[in-house]
Structure formats: C-alpha cells, structure tokens
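Asks: In terms of this note's numbering, the sequence shown opens at residue 645 and continues consecutively.
Think of the hints as simulated: they come from the structure by calculation, not from any bench.
No experiment lies behind these values; they were computed from the predicted model shown.
Among these hints, one or two may not hold up.
Simulated DEER-style distance windows between Cβ atoms [what the hints assert, rightly or not]:
| # | residue 1 | residue 2 | range |
| --- | --- | --- | --- |
| 1 | Lys931 | Asn811 | 31 to 37 Å |
| 2 | Val737 | Thr880 | 43 to 49 Å |
| 3 | Met685 | Pro908 | 45 to 51 Å |
| 4 | Arg930 | Gly675 | 43 to 49 Å |
| 5 | Pro721 | Tyr891 | 50 to 56 Å |
| 6 | Ala972 | Arg924 | 21 to 27 Å |
| 7 | Lys931 | Leu962 | 21 to 27 Å |
Computed list of lysine-lysine pairs in BS3-like fashion (alpha-carbon distance at most 25 Å, straight line) [to be verified]:
| # | residue 1 | residue 2 |
| --- | --- | --- |
| 8 | Lys874 | Lys927 |
| 9 | Lys678 | Lys788 |
| 10 | Lys736 | Lys678 |
| 11 | Lys720 | Lys788 |
| 12 | Lys874 | Lys931 |
| 13 | Lys720 | Lys736 |
Every residue gets a Cβ at the ideal spot worked out from N, C-alpha and C, and that includes glycine.
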Amino acid sequence: GPVVTILGALHGNELVGPLALTYLCGPNILGEDKAIDPAAMAGTLRIVPVVNLPGYRRQSRYMADGRDLNRSFPGKPDSNTTSRVAHRLWNKVISGSDHVIDLHTAAVGRTNMPQIRANLAHRASNRIARAFGIEAILDNEGPKGSLRRMANDSGIGAITYEGGGPNEADPESVQVAIYGVLNVLRSLKVLPGYPSRPRFRILASGSVWIRSDQGGLLDVLTPAGSFVEKGETVATVTDPERPGDGYDVLAPTRGLLISTATHPFVNAGTPIGHLLPVTRGVKTLRKRLDPEGCLVTSGSDGDPPWREDEDVEDISVLGEWSGGSPDAEWGRNDDDIADDEAGEADPRWS
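Please construct the entire structure, taking both the sequences and the accompanying hints into account.
Replies: Structure (structure tokens):
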C-alpha cells in the first residue's frame, strides 16, 4: 500500500494540526474503543503531530533562529539551523512518501475557514485534494521553499489543509481536519471503509481582496466562511480621533469569504477579507449555509450522506492569485517585523 505522511505544526503556533493528529492516534478515533490498527492498514502511515518543536514551545511560527521552516525546503545539511532541520525532515520523513498532508492554520492577524490548497495540475495531489471531502479547494503551486511545492516537484502528492487561526484550538477546524484525513486514508485504501464526499466543491484559481480605504480600528461583521452579496457591509472602520465618522467596508462582489483579518489596527489599503467570487452554483451553495449565512463545512456537522464522486458538483472560480499565491496580499505580519528588528533573520547570517 501507499506511504502517507501527515504533519502538524510546521509553524509552531498553529495548533489545529497537533490536536487533530493527537486525536487521530487516540483510542476512540474510529468509534468507541476503536483505534487505528496498524495490522488492518494497507500501507504505511507516518504521523508527526509537532514538527517545529522549538516554535511550538515558544508559541511562535518560526524556528529558534527566526526562520520559516515552510519556506526552507529541501534544506541543506551544512547551512543555518532551519535549513538543516528542513534537510533532515525531507530525507528522513518526507522522502519515500507517496502522499503528504500538511495541516496548518492562518498566520498571526487573520483566520481561515477550512480549506484545501493543492496544485490540481498535479495528478496525485488532485486526487487527495478531492478525497479530503470539503468544499473549498484553492488551486496553486504553493510558495517557493514550501514543503508542498517541493513534494510536488519530487513527484509526491501533497496538499495543505488550512483552518482557524494561530495560538488557538478551534474545535471546528480540528474536527474537519480529522474528517478529511480519514477520508484520504479511506480513499487510498490505507484504511477500510468509504470516504465521505461533499455536495459540491469550489475549485478556485483566483480571488478578490477586500481592503480598507482608511486607517483606524477594524470591526469585522462577517466571519470567515460567510457568503456575502455585492455591497454588503462586511466590516466597519472607526477612528478614535473622529467619533461618529465611521467607514463601512463593502463586499465588492458576491462570494465566499475564505479568510478575514483579526488584527484591529488597519491602514488605508490593508486587506481585511479574502473573497472567492462565486458566480455559478449559488443555489447549491446556499443550501449549505447556516442561519447566519456561513458555509457549514462538511465534517463539521457529522459525515454527509453517501454519494458517488460524479454526483459532486464542481463549481469553478476562475482568475489568478494576486502576488502569485493565496496569501501573498496579506503581506508581512507583526511577527515577521519583530523578528527582523531583533536581527533573528538577518540575511547576513544565513
């Protein structure tokens, strides 16, 4: 059978992966007193709940030298600390895998609805992205130096799961992660049983950004996962120096908010929301909205009813990713700037 590697906390402050993988290794993951039985598996399962242990212990995204492990692959055996860890992880854990699932959350200052990121032109990655069984799939290669991109370049099927935000244990994102991992393992026949499938998939190759036109304090009114209409107020920005002179941030088009800002301080031009402009399949999508207008992601409310893959409606969202990747426009967060100011990521010491 295939070799499947599942990783958590490549970024040390992203806790959804460690929690999901800890539960996955627990005694009741398949039901009461039903653990994953290696003797019943067809293949090899490698699980690393916490990859970036120094960052995890410091509640930081970064390694001890201030570098991003998920921008350092394949690494070098004789370079900086992070590069050495990347090299060892690649050669001792990732190499020889057929499939890799990398569990993440958003970075500091934002939060993500549950979503998969994969290069859908890569056949093995396309397969497990769909098998994960949730609605939102963002089609992109991944950043240079990322584990997923390096895996694809080496012929390994790889996907990234994103859900929730850093330094928090979001129960829904954890539950969806477990659900999706089990779906992939069943789809690959590593575990017995049938994978669950959503009613539809949004296959997105581009997006629209929602930005503030003035500086001030941000109050987001529509959480990540909301389906919004063009002109709908998604947030307000107020300035303590100008009471009563608030500014409403409006959705530029109809779509699904896949990510929203959580940091209250914004400037003119600051992105506050990331939107997939959905123009077709809207009626189908609306059937999966809760009373507050948020998408109920498959796996967050129990397994969906059985359906064949050909019964899943694919909803395409065409376009391109501004800056080349889904997260590029978020820019550098406060942790990045603080690390540079402290000299931890000084390129002269690379």
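Asks: Range first: 43 to 49 Å. Now tell me if the beta carbons of Val737 and Thr880 are that far apart.
Replies: holds (46 Å)
Asks: Against the range 50 to 56 Å, how does the distance between the Cβ atoms of Pro721 and Tyr891 compare: consistent or not?
Replies: holds (53 Å)
Asks: Given the hinted pair Lys720 and Lys736, is their Cα-Cα distance within 25 Å?
Replies: holds (13 Å)
Asks: Starting from Lys874, check that the Cα of Lys927 is at most 25 Å away, please.
Replies: holds (16 Å)
Asks: If you draw a straight line from the CA of Lys720 to the CA of Lys788, is it 25 Å or shorter?
Replies: holds (15 Å)
Asks: Between Arg930 and Gly675, does the beta-carbon spacing fit 43 to 49 Å?
Replies: violated (33 Å)
Asks: For a C-alpha distance cap of 25 Å, please report whether Lys678 and Lys788 respect it.
Replies: Distance of about 40 Å is beyond 25 Å: violated.
Asks: Do the beta carbons of Lys931 and Leu962 sit within 21 to 27 Å of each other?
Replies: Given a distance of about 23 Å, which is inside 21 to 27 Å, the answer is holds.
Asks: Between Lys931 and Asn811, does the C-beta distance stay in 31 to 37 Å?
Replies: holds (34 Å)
Asks: Straight-line Cα separation of Lys874 and Lys931 no greater than 25 Å?
Replies: holds (19 Å)
Asks: For the range 21 to 27 Å, tell me whether the beta carbons of Ala972 and Arg924 fit it or not.
Replies: holds (26 Å)
Asks: At the C-beta level, are Met685 and Pro908 separated by a distance inside 45 to 51 Å?
Replies: holds (47 Å)
In the structure shown, a violation is registered for the earlier hints numbered 4, 9 and 10, in ascending order.
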